[in-house]
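With chain R held as given, fit chains U, C, V, F, L, Z and X onto it using these hints.
Here is how the chains run, residue by residue.
There are 8 protein chains.
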Amino acid sequence: MIFCAGKTVEHIKGIVAKMLEKGENILGTRATSEMLEAVKKLHPKVVCNELGHIFGITQNEIQKTESYIAIITAGTSDIPVAEEAAVTAEFFGNRVERLFDVGIAGIHRLYDKIDVIRGAKVLVVIAGMEGALPSVVGGMVDKPVIAVPTSVGYGAAFGGVAALLGMLTSCTSGISVVNIDNGFGASYIASMINKM
Amino acid sequence: MIFCAGKTVEHIKGIVAKMLEKGENILGTRATSEMLEAVKKLHPKVVCNELGHIFGITQNEIQKTESYIAIITAGTSDIPVAEEAAVTAEFFGNRVERLFDVGIAGIHRLYDKIDVIRGAKVLVVIAGMEGALPSVVGGMVDKPVIAVPTSVGYGAAFGGVAALLGMLTSCTSGISVVNIDNGFGASYIASMINKM
Amino acid sequence: MIFCAGKTVEHIKGIVAKMLEKGENILGTRATSEMLEAVKKLHPKVVCNELGHIFGITQNEIQKTESYIAIITAGTSDIPVAEEAAVTAEFFGNRVERLFDVGIAGIHRLYDKIDVIRGAKVLVVIAGMEGALPSVVGGMVDKPVIAVPTSVGYGAAFGGVAALLGMLTSCTSGISVVNIDNGFGASYIASMINKM
Amino acid sequence: MIFCAGKTVEHIKGIVAKMLEKGENILGTRATSEMLEAVKKLHPKVVCNELGHIFGITQNEIQKTESYIAIITAGTSDIPVAEEAAVTAEFFGNRVERLFDVGIAGIHRLYDKIDVIRGAKVLVVIAGMEGALPSVVGGMVDKPVIAVPTSVGYGAAFGGVAALLGMLTSCTSGISVVNIDNGFGASYIASMINKM
Amino acid sequence: MIFCAGKTVEHIKGIVAKMLEKGENILGTRATSEMLEAVKKLHPKVVCNELGHIFGITQNEIQKTESYIAIITAGTSDIPVAEEAAVTAEFFGNRVERLFDVGIAGIHRLYDKIDVIRGAKVLVVIAGMEGALPSVVGGMVDKPVIAVPTSVGYGAAFGGVAALLGMLTSCTSGISVVNIDNGFGASYIASMINKM
Amino acid sequence: MIFCAGKTVEHIKGIVAKMLEKGENILGTRATSEMLEAVKKLHPKVVCNELGHIFGITQNEIQKTESYIAIITAGTSDIPVAEEAAVTAEFFGNRVERLFDVGIAGIHRLYDKIDVIRGAKVLVVIAGMEGALPSVVGGMVDKPVIAVPTSVGYGAAFGGVAALLGMLTSCTSGISVVNIDNGFGASYIASMINKM
Amino acid sequence: MIFCAGKTVEHIKGIVAKMLEKGENILGTRATSEMLEAVKKLHPKVVCNELGHIFGITQNEIQKTESYIAIITAGTSDIPVAEEAAVTAEFFGNRVERLFDVGIAGIHRLYDKIDVIRGAKVLVVIAGMEGALPSVVGGMVDKPVIAVPTSVGYGAAFGGVAALLGMLTSCTSGISVVNIDNGFGASYIASMINKM
Amino acid sequence: MIFCAGKTVEHIKGIVAKMLEKGENILGTRATSEMLEAVKKLHPKVVCNELGHIFGITQNEIQKTESYIAIITAGTSDIPVAEEAAVTAEFFGNRVERLFDVGIAGIHRLYDKIDVIRGAKVLVVIAGMEGALPSVVGGMVDKPVIAVPTSVGYGAAFGGVAALLGMLTSCTSGISVVNIDNGFGASYIASMINKM
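Residue numbers (our numbering), protein chains in the order written: chain R, 259 to 454; chain U, 259 to 454; chain C, 259 to 454; chain V, 259 to 454; chain F, 259 to 454; chain L, 259 to 454; chain Z, 259 to 454; chain X, 259 to 454.
The following block holds chain R by itself, in its conformation from the complex (with noise of 0.2 angstroms):
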């Protein structure tokens, strides 16, 4: 795993090469359109999600879960984040359902998806703003949820403290949460759930 955020261009590509050699699987987050450019040049396999900020190369093929984790986000603006997650999930080997823009101002958006939600094993459920995703989510299932407040909104939202604060005072049972705009973190978690 590589943590890109302040490390340069050559650096990432440094590391990749080294890792590359040892025949490691990698997976870079936060990284810069720059750095998934350079990194694209260096395997053929490479994975890139712009909006995700992520890079994955497997040169281990991992066996695919048969179950799934859920990756449901409030809104459009909270999708960054989920891609994160998503692609570090899938990473991992595990198969992974997409619910995005699904945020409880229009609750029948979420109602419609309910077999989806219900049919995974674990949850990833990301919302900034107030963050009560995670809660109604958390109601309509018996399995664990990962919550992830992200850093979307403006005034009030201070950076994604209402929707953390939110998130930790949810009055569902079954949620825990992670850092703001954590979406790789929520997913290892997520994965070591989800291959039991």
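No lab work stands behind these hints, which were simulated from the structure alone. Please note that a few of the clues may not be correct.
What the hints assert, rightly or not - Which residues of chain R face chain U? A few of them, derived with a C-beta cut under 7 angstroms, are:
1) Q317
2) I362
3) A363
4) E388
5) G397
6) G411
7) A420
These figures come from a predicted structure and were not determined experimentally. Quick reminder that beta carbons are idealized off the backbone N, C-alpha and C, glycines included.
Chains U, C, V, F, L, Z and X only, in chain R's frame:
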């Protein structure tokens, strides 16, 4: 109106007596049990609500509205604030419908009441913890929602701050917010709107 | 409605084109100058407000209300938020009266306008810094006041927090609050009330 | 000067006795009822103010000023801080005018007193909740205003923080601020200015 | 489940009696000693844990899991939260291993227990003060860690905020966080995972 | 007075031209270099202070005071705020003494200037970081001290919050505080006092 | 070492008895008066300090150092923390010089003691309110200063936060900081340094 | 010492030139690349550290200590602060051992270096995110640990606040803390101690 908090029982009795003489209608909020006991003895028609720490004396009858204010709470711990709101609304001559303990962890309880919710002219929605109920209710109606955060909760609820921020950053349109635990203030506005 | 912040010009153009085809009315908030330029070319009747970072396209005429919403600001720096509010209100078919730069440091300016203030059916009051204008206006009328804190100010204004707290703790009854800089949200509610 | 908070009655009695011996003038702030009772017995001319939790003993007469300090409060709950301020100012030989409960929710009450307000050489303005009174008073006079936030209020008042921020970010010139509930400190400064 | 905080003893007795009649299993958290005393008299098989302020009544036996949940605390002051977690986990039929007072100031105590730690299917790690224990434990295992910050500590611990922030920003992968002092919530999730 | 921040150069030029015509004295704060350049061309007697981001135009001479305001800074980084204060004070006709870079880390530098400090009628004391200079200066004189916290510093200085809190809680009497970086506001008050 | 806060008297007695048996030296901090009474009866040589809520039992004599630790407080209200620090330092065999109530409001009191201050090998400087004393002391010596913020103060002191921030942002070099009210921790470090 | 932040390149060159003339040793912190380039041309023996944004010029040789300061970081992103600390320590004549990227997520890397850690006379431990490394290191040695929180991290790291609170509330004795990112300050203290 009398804000009783921080005043003595004797002080309250004095204010009430003076207002009774003038023939005014009287509403007292944040009253202790001792204050309620004392006030009951001053007039035969005192409406006392222990749960809501509130009393009202109506010397001049106000005509009841046909339209009603729905007062909705997420949990049972929010009921004291809801009763402050309900008694206030009734004091000002509004018809009130109470819907308590219909929080988003079990959203079906909310949907069971959809007719009462949609029938209101204006809604006061009260919630502690993550304070997400106004967002969900606001998505179900096309009426003004006055949201009241409560100080219910512990830890990251920070005495109502989590609920307050959640309500201010709601992704649902049509929601405005009053101070933490301010049931009176919410109904004061709701009454203005209901009587239009 | 389109919340333009964080989207690309191309994305906005796509959404607008699709909505135009469906014959819908369109309101776009938090639009950059580039977005406004691009949208102007898509339809002959686009209402663009640079100051308010907002545009509207009305394909289906809405009848104007007789009653009006007063939109009041404390200073000149609050005008962008006020224009977002005003264009929103007009888009929904409301008559609007603008009263700008009538803050409490020179309270006579406010009193000079008392007839316009008292004539409104509902008021949107917008202020940064200490955010005290809604309290004063609320004391002058018996109508609902929707208060909008702005991020105007420096130092202990903390990006709108001082104004937000001031409005939430107002000693005047009849005031409810929306998120910092949320002119759109305030007028959405005011429009609901004005049309009753 | 003695800051009595956190000291024992015996300790206070000891300090007062020692200062009496030296022939000094004595001012004690934040004194409990027990302390006031105890101090009364130590000297025939003790000025005790229960509301303001303050006492003063003047062994050396100070000449009263002709000019006066106006001490103004927004509500009745701010009176304890105001009395601390008033007794302090009088102790230092200043003439004082008290204007209590003239908050901005009903601004006419303030205008009724405009002559007393404009006649002062310096003003101490005390308010809790949103703390907007100093801004309004400051706009009415061309004299220094010492603003005192109080811890009066609940919820988003955060023990005086809302009032403090409001006063610091006031859009009126001529206002400086002291610590929350610091009536003594405000009058200490006001006295320096009034005696110039 | 019953969240007892803020309820009366009579209220609790009523709820328990009703649930007993229905033949349900009952778990009561945040119960005072008086509540525990009262509940003991209602049923012969009440499991009471004074330290954890929790009781459980199992009318329908649940089969114990073979795999276990490790419940680990940094200090002795974290034990009440740990007991809430442990009794909750056992109530849901999980085998539990308690490892208390193995904080990072003396990290060898933690290493002495490495077999028990590595043998768990999921871990609940509880810490106040700087809340660093989950990071260290998470680095020793490849299993999901549910981290619980506690309100233990003084000064800059800010009632659990320091621990909460520490856990959210942990540099170890595989850690998710619940609300301050929420032992029940952590074990609810851990139980879901342990039973997979 | 013109608060230039957030305005355009053209806007500033327009306001200045209009005020010049009316024969008024003009003070412009928070002006950029471009604004200062533009204003210089509008009048032969513009006083420009690049460091203080401030300009003044005096069309009607004001008589200089005999007594003076001491303007004191802790460090060299506080000088921009100090120059805003100094130019403001001089604009209003006050004699000013500047004492810069005499912070408490080397307190002897402060004592070397004790005569200038004690000779002032009122003092403006400016400091960032821990903001302790006003406390020390206040202990050396029996005159009103107007304290200005600055946003100088990093980390736990939190943009001036550390200095602000330090000044508000000063154990020295005679200190009142204005907003972070508000050199203008401090001198406005100091001028009122100096001219008494 | 025993951190007594939150433990029962019986629990403390048990721990002390067990440690006495092992022949260990014992230091108990944050002890209530009841605990101190109870511990006194367990051993003839208990050192009890009511003010500092601390006791020590030395079964194995430690040689006193020649160099000394200066323990300095700003006010009298800081003395409890100072006594915790002083007893701790002495318990570890350090010579201690106490300089209490020498805060910066009257800086001459500090200068009167300059020889004792400069003679120390390391200094523990304790202050509440604005917490500026360490900065001033640090400017007078070329020795490590361990700064202890205290929770003394009200309003914007925020339970020690103002002092904590002030000490962290001190413009004087050579100062490091411990937790609010942590007299024990400061002396633990000072003892390490003094014994080098 | 020169704190370069916020100064111009020309200003820095002037200060350095003046100090060179006086024959003084010079240390410049928070220097930009441009400043480093400019300073290099002023003297043949400038020590420049790009990573640490620091330069030193030693005109008078200082004898190197035998004992050493260990400078330890949790991650690679903390290295800039660590280099500021290391160059500072060396400038003052201390022998330094650098141990970088030995954070607690993989605690074995720390144990591999236990001899270097235990051999130090004093330690500077630098960490961002949850800031737990000083607690672990402090538990391994009986030497003073100076902890430096860094602004490394995102979301709930809040620019170093999470690390700062974690270090202040550490359950390990012997740790004191400096401001966020203050590598210079930590080494200044460590040097005092190392030279005893």
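So, Q317 (chain R) near chain U? Judge it on the closest CB pair being under 7 angstroms. violated (42 angstroms)
Close enough to count: is the Cβ of G411 (chain R) nearer than 7 angstroms to one in chain U? holds (5 angstroms)
Would you settle whether the hint for E388 (chain R) is holds or violated, based on the nearest Cβ-Cβ distance to chain U being less than 7 angstroms? Where the cut-off is 7 angstroms and the nearest Cβ of chain U is about 4 angstroms from E388 (chain R), the hint holds.
Would the stated hint for I362 (chain R) survive a check requiring a Cβ distance to chain U of less than 7 angstroms? holds (5 angstroms)
Using the nearest Cβ pair, does A363 (chain R) come within less than 7 angstroms of chain U? Because about 4 angstroms separates A363 (chain R) from the closest Cβ in chain U, which is inside the 7 angstroms limit, the hint holds.
Can the hint on G397 (chain R) be confirmed by a CB-to-CB distance to chain U that is less than 7 angstroms? Holds - the Cβ of G397 (chain R) comes within 7 angstroms of chain U, reaching about 4 angstroms at its closest.
Double-check A420 (chain R) for me: the hint is only fine if its C-beta lies closer than 7 angstroms to a C-beta in chain U. Cβ of A420 (chain R) sits 4 angstroms from chain U, so the hint holds.
The structure is inconsistent with hint 1 alone, although it conforms to all the rest.
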